[in-house]
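Work the whole structure out from these sequences, hints included.
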Amino acid sequence: MTVLGAVLMVAGLGSAAAAQDEATDPGQVDVLEVAGYLDPVLVDFISTSIDEAEDEGAIGVVLQMNSPGVAVTDAEFTELADQILDAGVDVSVWIGPSGSRAYGGAAELAGVADEIGMAPGTRLGDVGDQRLDPEVYGEAFGGALRNQSVGDETAVEEGYADRLAPTVGLFVNDLDGFETEVDDDGDVVPVTATRFRQLPLSSQLFHTAASPAVAYLFFVLGMGLILFEFFTAGVGVAGVLAAALFIFGSYGLAVLPARGWAVGLLVVAMLAFGVDVQTGVPRFWTGVGFVTFAVGTLFLYDGPKLSWITLLGVFLALAVAVLAGMPAMVRTRFSTPTIGREWMIGEAGEAVTAVAPDGTVKVQDALWRARTNRATPLAAGEAVIVAGLDGLVLEVESADPERRPKEHRRQ
Numbered sequence: 044m045t046v047l048g049a050v051l052m053v054a055g056l057g058s059a060a061a062a063q064d065e066a067t068d069p070g071q072v073d074v075l076e077v078a079g080y081l082d083p084v085l086v087d088f089i090s091t092s093i094d095e096a097e098d099e100g101a102i103g104v105v106l107q108m109n110s111p112g113v114a115v116t117d118a119e120f121t122e123l124a125d126q127i128l129d130a131g132v133d134v135s136v137w138i139g140p141s142g143s144r145a146y147g148g149a150a151e152l153a154g155v156a157d158e159i160g161m162a163p164g165t166r167l168g169d170v171g172d173q174r175l176d177p178e179v180y181g182e183a184f185g186g187a188l189r190n191q192s193v194g195d196e197t198a199v200e201e202g203y204a205d206r207l208a209p210t211v212g213l214f215v216n217d218l219d220g221f222e223t224e225v226d227d228d229g230d231v232v233p234v235t236a237t238r239f240r241q242l243p244l245s246s247q248l249f250h251t252a253a254s255p256a257v258a259y260l261f262f263v264l265g266m267g268l269i270l271f272e273f274f275t276a277g278v279g280v281a282g283v284l285a286a287a288l289f290i291f292g293s294y295g296l297a298v299l300p301a302r303g304w305a306v307g308l309l310v311v312a313m314l315a316f317g318v319d320v321q322t323g324v325p326r327f328w329t330g331v332g333f334v335t336f337a338v339g340t341l342f343l344y345d346g347p348k349l350s351w352i353t354l355l356g357v358f359l360a361l362a363v364a365v366l367a368g369m370p371a372m373v374r375t376r377f378s379t380p381t382i383g384r385e386w387m388i389g390e391a392g393e394a395v396t397a398v399a400p401d402g403t404v405k406v407q408d409a410l411w412r413a414r415t416n417r418a419t420p421l422a423a424g425e426a427v428i429v430a431g432l433d434g435l436v437l438e439v440e441s442a443d444p445e446r447r448p449k450e451h452r453r454q
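No gaps in the numbering here: position 323 of the sequence shown is 366 in the numbering used here, and each next residue is one more.
Take the hints with a grain of salt, since some may be wrong.
Claimed, not checked - Here are the simulated lysine to aspartate or glutamate pairs, EDC-like style, with alpha carbons at most 16 angstroms apart:
(1) Lys405 x Glu438
(2) Lys348 x Asp169
(3) Lys405 x Glu425
(4) Lys405 x Glu393
(5) Lys405 x Glu390
Hints listed in this document are in silico derivations from the structure and should not be mistaken for laboratory results. These figures come from a predicted structure and were not determined experimentally.
So, in structure tokens, the structure goes:
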């Protein structure tokens, strides 16, 4: 009995000690950086972090938010909102630092959180068409912020946000269950730990690619470098970079609300530019390319807007590349002795357009700008032979011996 009593006493002391440790455990708060559109990568990060906080017994999760909206399906967005409502830990939103905003679906998500804090100079609202079912979640902010946004002070005064907090640290310190103490110098110091978390590096790359401006630039630069590589000898570093940019740009456009027909116009524009680069002179197809590129760019996104600085920079760079850079590069390539085209003299081809005296011919499945003698114009579809070279222009004549200049006829 004595042994049994001792065992029970030890067990009781152990349980009491464990209970005391649990009671005095200050816990932790996880602060998640939520910046940019709520795309699949960021939504998964938030969802996984909430699960981990529950498993680790955290006292709360804070979303440090600066987001213009949502780039996931309504079903995925609703699933995240449900998880926040049903979470075993309090999930709060702090909109900050200064200059941050929560618009569209991001504002809706803030509305279902346990508490909203805002830093000075931040905004909340512009919900637009509500994505969460009003019958289940109610109308976000009573419908007052559907087509407008409000600043931090107004949001708190009108009851859309709970309190002002200049920094995330001050916001966290006032959360329910967060413990502080006064040190020997009389300063208030936190006892509860705060853990700051952000996307892993690999996930950050995909999240960055899903930014409207970055996705657009990656896609356009990728196609431009592919076009550049098409007119150079071999595949070099530019080719590898082009493939990477094109893949990440395509991913970003697939995630964001991009219009498919507008993306198609961007592709058509690059093909049109390629036609005139091949002939060596910017003409009709260059004009077609600029028109389709402008329309595709301006109507690319259904919602997100590209800044005028981005648009101006892209159009200026494109104009320089298409009107001067690419033709100069092609001329340099084919004027290099090591990549000479002397082998083309005597090659047979076909006139794609009338050559009278200038036009376009096809030689070995490639289109070339061509010129013939004014006295012997060539009709479209007529067989031709390359008689000489003049820079990027082929000097051609009819394959019919009777139609060639007398000095070129065989004796």
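Practice prompt. Would you mind confirming whether the straight-line C-alpha gap from Lys405 to Glu393 stays at or under 16 angstroms?
Written response: Status holds; Cα separation ~5 angstroms.
Worksheet entry | Restraint check for Lys405 with Glu438, where alpha carbons must lie at most 16 angstroms apart | Cα-Cα ~13 angstroms, so holds.
Worksheet entry | Pairwise hint evaluation, Glu390 against Lys405, where the allowed Cα distance is 16 angstroms at most | holds (11 angstroms)
Practice prompt. Below or equal to 16 angstroms on CA atoms is what counts here, so check Lys405 against Glu425.
Written response: holds (11 angstroms)
Discussion item. For a C-alpha distance cap of 16 angstroms, please report whether Lys348 and Asp169 respect it.
Written reply: Holds, at roughly 14 angstroms.
The structure agrees with every numbered hint stated previously.
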